[in-house]
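For this note's numbering, add 120 to where a residue sits in the sequence shown, where the first one is 1.
Be a bit skeptical, because a hint or two may be false.
Said to hold, decoys possible - Derived lysine-lysine pairs resembling DSSO-like cross-links, with alpha carbons at most 30 Å apart:
| hint | residue 1 | residue 2 |
| --- | --- | --- |
| 1 | Lys275 | Lys183 |
| 2 | Lys360 | Lys273 |
| 3 | Lys183 | Lys161 |
| 4 | Lys272 | Lys360 |
| 5 | Lys225 | Lys161 |
| 6 | Lys161 | Lys212 |
| 7 | Lys183 | Lys273 |
| 8 | Lys212 | Lys225 |
To be verified - Distance windows between CB atoms, simulated:
| hint | residue 1 | residue 2 | range |
| --- | --- | --- | --- |
| 9 | Arg192 | Pro133 | 21 to 27 Å |
| 10 | Phe132 | Ile334 | 29 to 35 Å |
| 11 | Leu329 | His353 | 31 to 37 Å |
| 12 | Val186 | Leu343 | 24 to 30 Å |
| 13 | Tyr371 | Phe207 | 41 to 47 Å |
| 14 | Val231 | Gln130 | 31 to 37 Å |
Hints in this document: simulated from the structure, not taken from any laboratory.
For every residue, glycine included, the Cβ atom is placed at its ideal position computed from N, Cα and C.
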Amino acid sequence: MAIKDITLGQYFPGNTVVHRMDPRAKILFVVCYIVALFLAKGPVAYAVMTATLALCVLLSRIKLSVLLRSMRAVLLIVVITGLLNLFYTPGKPGESPLFSLWVLKVYPAGVWAAAFMVLRIALLISCTFLLTYTTSPILITDALESLLGPLKKLKAPVHELAMMMSIALRFIPTLIEETDKIMSAQKARGASFDTGNLLQRARALVPLLVPLFISAFRRADELAVAMECRCYHGGEGRTKLRQLRFAARDYVTLALGLVLCVGAGLLGRLGV
121 MAIKDITLGQ
131 YFPGNTVVHR
141 MDPRAKILFV
151 VCYIVALFLA
161 KGPVAYAVMT
171 ATLALCVLLS
181 RIKLSVLLRS
191 MRAVLLIVVI
201 TGLLNLFYTP
211 GKPGESPLFS
221 LWVLKVYPAG
231 VWAAAFMVLR
241 IALLISCTFL
251 LTYTTSPILI
261 TDALESLLGP
271 LKKLKAPVHE
281 LAMMMSIALR
291 FIPTLIEETD
301 KIMSAQKARG
311 ASFDTGNLLQ
321 RARALVPLLV
331 PLFISAFRRA
341 DELAVAMECR
351 CYHGGEGRTK
361 LRQLRFAARD
371 YVTLALGLVL
381 CVGAGLLGRL
391 GV
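All chains, please: the whole structure from these sequences, using the hints.
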């Protein structure tokens, strides 16, 4: 997997109905979608969740290849999770395994559990990535600050927390690009990151991590200086250029999210 395949935090400008939605509605819908994913238990529920995500991708006009490429970043985690569910899910009492591999036995329930777990992770990651693809970091900051607004009464630094999360998302593509450049420079000098055992590969990453951390700290210092030069003193008394307002499509999206949660819960109780 190439470093450039990691697309978390990237924003693809557009004028689709998904791009124009209120960012608060999109964040709440993603939360409802994730809750519904964990409530889903059977093939019918997962089919509904997959169809819902497919509709969102179609409306956002984000290329399917972009989502599939983003999945390569977590492919190893998905494979390991699927194998653990495959081999460690017990069968019914008296049920014979489909096949055995040394002390590991695979039952039909394990096959279903592995398939559903892999699908759940894929859908969860895809919907999260779709949020960042269709929402700019500034809008995500404003949405988080608005959603966490009630915590201001408890003296919580809501604006600062939202700003830090936005900056973190914004700099993920920058750090990925910087990592790719450093790796290319190291490879041109004879470094190898793909050969040797696990310990040797870990040692080969040291010349990569040191300049990456130095570059990250330098960028953080430059950002802090730039914010101070622009008289940034937190969220107290700040105004916004764009005021967030819910439209009819946003209420429909929230209603769809709630329907997904309730429907997944009911289907989960029925086991379908």
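Run the distance test for Lys161 versus Lys212: straight-line Cα separation, threshold 30 Å. 17 Å, holds
Could you check the hint for me, namely that Arg192 and Pro133 are 21 to 27 Å apart, CB to CB? 24 Å, holds
Going straight from one Cα to the other, do Lys183 and Lys273 come out at no more than 30 Å? 42 Å, violated
Does the structure keep Lys183 and Lys161 at a Cα separation of 30 Å or less? Given that 30 Å is the threshold and the Cα spacing comes to 29 Å, the pair holds.
Verdict for Val231, Gln130 (Cβ pair) under range 31 to 37 Å: Holds, since Val231 and Gln130 (Cβ atoms, about 35 Å apart) stay within the stated range.
Measure nothing beyond the straight line between the CA atoms of Lys275 and Lys183; if it is 30 Å or shorter, mark the hint as holding. 42 Å, violated
Could one say that the CB atoms of Phe132 and Ile334 fall in the range 29 to 35 Å? 30 Å, holds
Please test the hint of 24 to 30 Å on the beta carbon pair from Val186 and Leu343. 28 Å, holds
Cβ-Cβ distance between Leu329 and His353: within 31 to 37 Å? Because 34 Å falls inside the window, the suggested range holds.
Does the alpha-carbon distance linking Lys225 and Lys161 stay inside the 30 Å limit? 22 Å, holds
Please work out if Lys272 and Lys360 have their alpha carbons no farther apart than 30 Å. Judged against 30 Å, a Cα distance of about 17 Å means the pair holds.
Holds or violated: Lys212 with Lys225, Cα cutoff 30 Å? With Cα atoms ~13 Å apart, Lys212 and Lys225 stay inside 30 Å; holds.
The structure fails hints 1 and 7 (numbered hints given earlier, in ascending order).
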